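S.K.: Given chain A, work out where chain B should sit, using these hints.
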Amino acid sequence: MNAGALGRRALPRPLPSAEPQAPVLDLATVYEAYFRYVWRCLRSLGVRDAQLEDALQDVFIVVQRRLPEFDGRAAVRTWLYAIALRIARRYRERARREPASLEAAREQNPELSALEPSALSEHERERLSLARCALSALDDDKREIFVLARVEQMSAPEIADVLRIPLNTVYSRLRAARLAFDAEINRLRGSSRSTP
Amino acid sequence: MNLNDDDDGSVFEQALRADLPSIAEQNRLRPRILAAGVAVGTALGSTSVAAATQASFGASALSKLGALSWPSKLGLTALLVAPITVAVLPLVATPVPGAEIVSQVRSSAVAVHARSATKASPPAEPPALAAPQTAEPAPEPEPAVVNVAARATVAPSTPAVSTASAPVIPTASPSAAASAGSAEPAVAAFDSAPHETATSEPAPQRNASTLAAETQLLDRAFAALAAGDRTTAAALVSEHARQFPNGILRQERERARARLAHDSTGE
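Top to bottom, those sequences are chains A and B.
Residues 1 to 196 in the numbering used here are what the first sequence spells out, letter by letter.
Residues 197 to 463 in the numbering used here are what the second sequence spells out, letter by letter.
Just chain A, same shape as in the assembly (with noise of 0.2 Å):
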């Protein structure tokens, strides 16, 4: 269970400050282990290419001040999971107010992203390109609940911890974010089998 997720919430089992079993943590070892995780889990939540560094530089940042609070009660992805979270919402806001533009529209665009991995195959890129095409048009909340459950494959307790909802929310919410994910990767299937 994840209530500490959030460093918040008393669990029944106070650890005391100095057990030996700690998990020490420096941002250098965060930053090796985690880095990549939360680069998916940023990039999935929405934030563009283009402010994705700045992204990271935040969560990370974060980390280094949060770290002296971090108890090792919540698993440390779940943790930064719920940094990224925060983060990636706030860039998505900026984003909304930031006036529109050519290069802002371009860079929404999962598909003309210059990010996507190069190892990948053609058949796995355009895979890739109309899943994420799917992700960006599923509202904040579906969006959300879809990365961290089937992307980032937590849990529903991990998620309802992030995310500070009900248990039965997370099943409802994320029964209706995978029936859009779905529907809308239908959708653009067909649309890019019309086209000629």
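Don't read these hints as lab results, they were simulated from the structure.
Possibly wrong hints are sitting among the right ones.
With a straight-line cut-off of 25 Å between C-alpha atoms, the simulated SDA-like cross-links for lysine to any residue are [claimed, not checked]:
(1) A:142 - A:179
(2) A:142 - B:216
(3) A:142 - B:206
All values reported here derive from a predicted model rather than from experimental measurement.
M.R.: Then chain B, alone, in the frame of chain A:
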């Protein structure tokens, strides 16, 4: 019920899961992100220490020092790694992965150390790691960094610092032990670092002093931002731009600028 036990998801979900950055990307961003961490951590350390010196000694001071230890810890780690890097790099035929960040963090840490040394004499000035020297009585919890930082400017050879709380960067420890040849590699390496840079590496020292000045300016800017003092923050950022238009920390300056601009839009 597990959300993911029904299947592995569609191929599209799998594609999203496989969308991870390359190691090269991770290596490319490491210096920037960790250097920013050092800068921000140092700013936090300044705040904590200022508060700690105003409080009475005892439990509250100890807790403040506990909060201070992380940025100092990273600085110590970098200093620990620095002489090893200098000694080992020429002997290694192939480049060591992460050597770049080691040198970057080392520079930052030297800057932190330099600041600590300069702030030691006028304790009235709040910033950075000066206060631990005045708050020295703190005995155990995580004194390694604090005590070593204080001693390095005064008596480099003084031993007796517990290694239990030495910072953990996996690559550092074994070589540190080898180079120091003692049970207290952190202390030995830390103590030798300033002298080494002062005597035999004039060029890096120049870089370090520039970086120290840059770090100081931006630390204060970030601290002002954190305190909501946008005017001071803007002035410090401008000062950094004037003094170091192409400085090592120019990206951090732009980050500070972006935050200033962002704050002014009302978030």
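S.K.: Decide, hint by hint, whether the structure agrees.
M.R.: Each hint, compared with the structure:
Distance check on the hinted pair: residue 142 of chain A and residue 179 of chain A sit about 10 Å apart at the alpha-carbon level, within 25 Å; holds. Between the alpha carbons of residue 142 of chain A and residue 216 of chain B the distance comes to roughly 22 Å, so the proposed pair stays at or under 25 Å and holds. In summary, the hint linking residue 142 of chain A to residue 206 of chain B is supported, as the alpha carbons are separated by about 17 Å, within the 25 Å threshold.
Violated hints are absent here; each numbered hint is respected by the structure.
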